[in-house]
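Following the hints, position chain U against chain E.
Take a look at the letters that make up each chain.
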Amino acid sequence: MSLSHARHPTEDPAWARWNILALVLGFLALMLILPLVAVFAGALEKGLQASLAAISDPDAISAVKLTLLVAAIAVPFNAAFGICAAWAISKHYFPGKSFLITLIDLPFSISPVVSGLIYVLVFGAQGWFGDWLIDHNIAIIFAVPGIVLATVFVTFPFIARELIPLMQEQGVAEEEAAVSMGASGLVTFFLVTAPNIRWGLFYGILLCNARAMGEFGAVSVVSGHIRGLTNTMPLHIELLYNEYDFVGAFSVAALLCLLALVTLALKTGLELTQSVRGRHV
Amino acid sequence: MSQPTALIPDAPEQSLIASARPPFFRRRSAIPGFGLTLGITITVLSIVVLVPLSAVAIKASGLGWSGLIAAGFSDRALAAYRLSFGAALIAAGINGVFGLITAWALVRYRFPGKALVNALVDLPFALPTAVAGISLAALYGPHGWIGGLLAPLGIKVAYTPLGVIVALTFIGLPFVVRTLEPVVRDLADDVEEAAASLGASRIATLVKVVLPSLAPAWLTGFALAFARAVGEYGSVIFIAGNKPYHSEIAPLLIVIELEQFNYEEAAAIALVMLVAAFVMLFVINAIQAWSRRYS
Numbered sequence: 000m001s002l003s004h005a006r007h008p009t010e011d012p013a014w015a016r017w018n019i020l021a022l023v024l025g026f027l028a029l030m031l032i033l034p035l036v037a038v039f040a041g042a043l044e045k046g047l048q049a050s051l052a053a054i055s056d057p058d059a060i061s062a063v064k065l066t067l068l069v070a071a072i073a074v075p076f077n078a079a080f081g082i083c084a085a086w087a088i089s090k091h092y093f094p095g096k097s098f099l100i101t102l103i104d105l106p107f108s109i110s111p112v113v114s115g116l117i118y119v120l121v122f123g124a125q126g127w128f129g130d131w132l133i134d135h136n137i138a139i140i141f142a143v144p145g146i147v148l149a150t151v152f153v154t155f156p157f158i159a160r161e162l163i164p165l166m167q168e169q170g171v172a173e174e175e176a177a178v179s180m181g182a183s184g185l186v187t188f189f190l191v192t193a194p195n196i197r198w199g200l201f202y203g204i205l206l207c208n209a210r211a212m213g214e215f216g217a218v219s220v221v222s223g224h225i226r227g228l229t230n231t232m233p234l235h236i237e238l239l240y241n242e243y244d245f246v247g248a249f250s251v252a253a254l255l256c257l258l259a260l261v262t263l264a265l266k267t268g269l270e271l272t273q274s275v276r277g278r279h280v
Numbered sequence: 000m001s002q003p004t005a006l007i008p009d010a011p012e013q014s015l016i017a018s019a020r021p022p023f024f025r026r027r028s029a030i031p032g033f034g035l036t037l038g039i040t041i042t043v044l045s046i047v048v049l050v051p052l053s054a055v056a057i058k059a060s061g062l063g064w065s066g067l068i069a070a071g072f073s074d075r076a077l078a079a080y081r082l083s084f085g086a087a088l089i090a091a092g093i094n095g096v097f098g099l100i101t102a103w104a105l106v107r108y109r110f111p112g113k114a115l116v117n118a119l120v121d122l123p124f125a126l127p128t129a130v131a132g133i134s135l136a137a138l139y140g141p142h143g144w145i146g147g148l149l150a151p152l153g154i155k156v157a158y159t160p161l162g163v164i165v166a167l168t169f170i171g172l173p174f175v176v177r178t179l180e181p182v183v184r185d186l187a188d189d190v191e192e193a194a195a196s197l198g199a200s201r202i203a204t205l206v207k208v209v210l211p212s213l214a215p216a217w218l219t220g221f222a223l224a225f226a227r228a229v230g231e232y233g234s235v236i237f238i239a240g241n242k243p244y245h246s247e248i249a250p251l252l253i254v255i256e257l258e259q260f261n262y263e264e265a266a267a268i269a270l271v272m273l274v275a276a277f278v279m280l281f282v283i284n285a286i287q288a289w290s291r292r293y294s
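Residue numbers (numbering that gives the first Met the number 0), protein chains in the order written: chain E, 0 to 280; chain U, 0 to 294.
Everything labelled a hint here was simulated from the structure, so no lab data went into it.
The model shown is predicted, which means the values in this text are computed figures rather than measured ones.
Idealized CB from N, CA, C, for every residue including glycine.
Mixed in with the good hints, there may be bad ones.
Said to hold, decoys possible - Rough simulated footprint, nothing fancy, chain U against chain E, three-plus residues with beta-carbon under 8 Å: (1) 30-44; (2) 107-118; (3) 121-128; (4) 178-192; (5) 212-224; (6) 239-250; (7) 261-270.
Next comes chain E alone, as it looks inside the complex (with noise of 0.2 Å):
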């Protein structure tokens, strides 16, 4: 890029390019860059010793199982459906197939207060089950289902939008190869889909879970906040954050940034050898 080179018509004078290129970096700077590494700079602020203890305790501990049993039952349930759904939808033919996939997409239309609101509804002691539900000793609001029902509402769209317009571009060539010569609906997608569909089923898989992780408002809403027992690790930082230990509430929060981190590198990861394209809109 010698400066005795004229400017292709296309490119942006050098003066422009610096100028914009400032304010962008600058402005991610300011907006991503400086929160990550406030997080960190709080954890450690008393010391590593310090940050560790608090990430050691018992209700933080429970708080990380917790977080982690969630996710174990919401991301693999979303990933059965978002199979179930892409196979009905990009390998057959029925009218209203884009009205599905709307209303597959909902949930990420909705405020996470509501998404958690509309299970208290349901399942809440003045709910439309609430009363059977405490004749039967069952505990669904401010206890551990009501938070994975919430986490599976919020990270419900994930797999199957990921899934669907992959499996779509791919088409039915192979798999009605497949069954021409007499293989099974399950041996087909388990030898023929399945290979096709997993590094995208792979980068759904990873944006629910850090989702699922994360989640904080709708599960704030069922949880009940009860320490020890119903506190997934953004309740447990927010309760942390309330009672003033700072150092305790950004070390946990430490914890889900190196989770955002990894998922982050993966995901590029993915999108540079995989040719998975993220589609987040």
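Same frame as chain E, now just chain U:
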């Protein structure tokens, strides 16, 4: 599409096993599992999403029309909607401007660390909202790194509506960038070259040729960022201060009503938010349909 799909060899739904006119309205696919998978899809969708969502409308209807309006549009609720929608609009506007130049820089410029910047843009999607919330509250608080710089100037960000805008800008940041990026990449540079060779200045080329063709995608990104911001909760409540009529967002008001066991009032506010969400979803779909026709 005026052309019959059967003539296009690579049409995604084109079946190798040619079928005559479909029985009823379903073209038959040779691949098994249609009934089973569609059945599971619709059943799970109904149980997890549709039936619980209907509970909002049913619960809110228990108030009757006048009660619904009294709860859903009380002065406090109206102030909360004004804040939620107003701050979301401003945040989406900020992201509209910076998202545009970010997408432009990521596609058109070469600079060291570009891959890292590109990966980092998605941070707000991956970072739990509560983590973003406490981090922003600490940064913009009176003793924070940024809040401490602004305090001598008399600017308070944390615990004011300004703080709400900061949080909503953070969580909406990737939307405009990620909707614009592929469109900027696919922008044919021959039109730019044509404009330049016809004597248009670079600025004139950008304003009259490039920006109009980015408009549909930009609008989609803006609407997505706005829709996400309106319902946002976790990242906002730590930095907002949550004073009624001043810095209290609409989702928080739902939580407050719930904590006081006012289920019907909570459902009334939720219903207003849901209707707004459906309207935004409709608008976004309309923009996308329009932009597909446009491109």
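**Assertion that chain U covers the stretch 261-270 of chain E - criterion: three or more residues, beta-carbon distance below 8 Å** = Held - the stretch 261-270 of chain E has 5 residues with a Cβ nearer than 8 Å to chain U, which meets the minimum of three.
**Coverage criterion applied to the stretch 212-224 of chain E (partner chain U; beta-carbon cut 8 Å; 3 residues)** = holds (count 7)
**Item:** Check of the stretch 107-118 of chain E against chain U for coverage (Cβ-Cβ below 8 Å, three residues minimum)
**Value:** Holds, because 9 residues of the stretch 107-118 of chain E bring their Cβ atoms closer than 8 Å to Cβ atoms of chain U.
**Item:** Coverage assertion for the stretch 121-128 of chain E with respect to chain U, Cβ distance below 8 Å, three residues required
**Value:** holds (count 5)
**Message:** Please check whether the stretch 30-44 of chain E has three or more residues whose CB lies within less than 8 Å of a CB on chain U.
**Reply:** holds (count 9)
**Outcome, coverage of the stretch 239-250 of chain E by chain U - at least 3 residues whose beta-carbon is closer than 8 Å to one in that chain** = With 4 residues in contact (Cβ-Cβ under 8 Å with chain U), the coverage given for the stretch 239-250 of chain E holds.
**Prompt:** Checking C-beta pairs, does the stretch 178-192 of chain E have three or more residues closer than 8 Å to chain U?
**Reply:** holds (count 6)
Violated hints: none; the structure is consistent with every hint.
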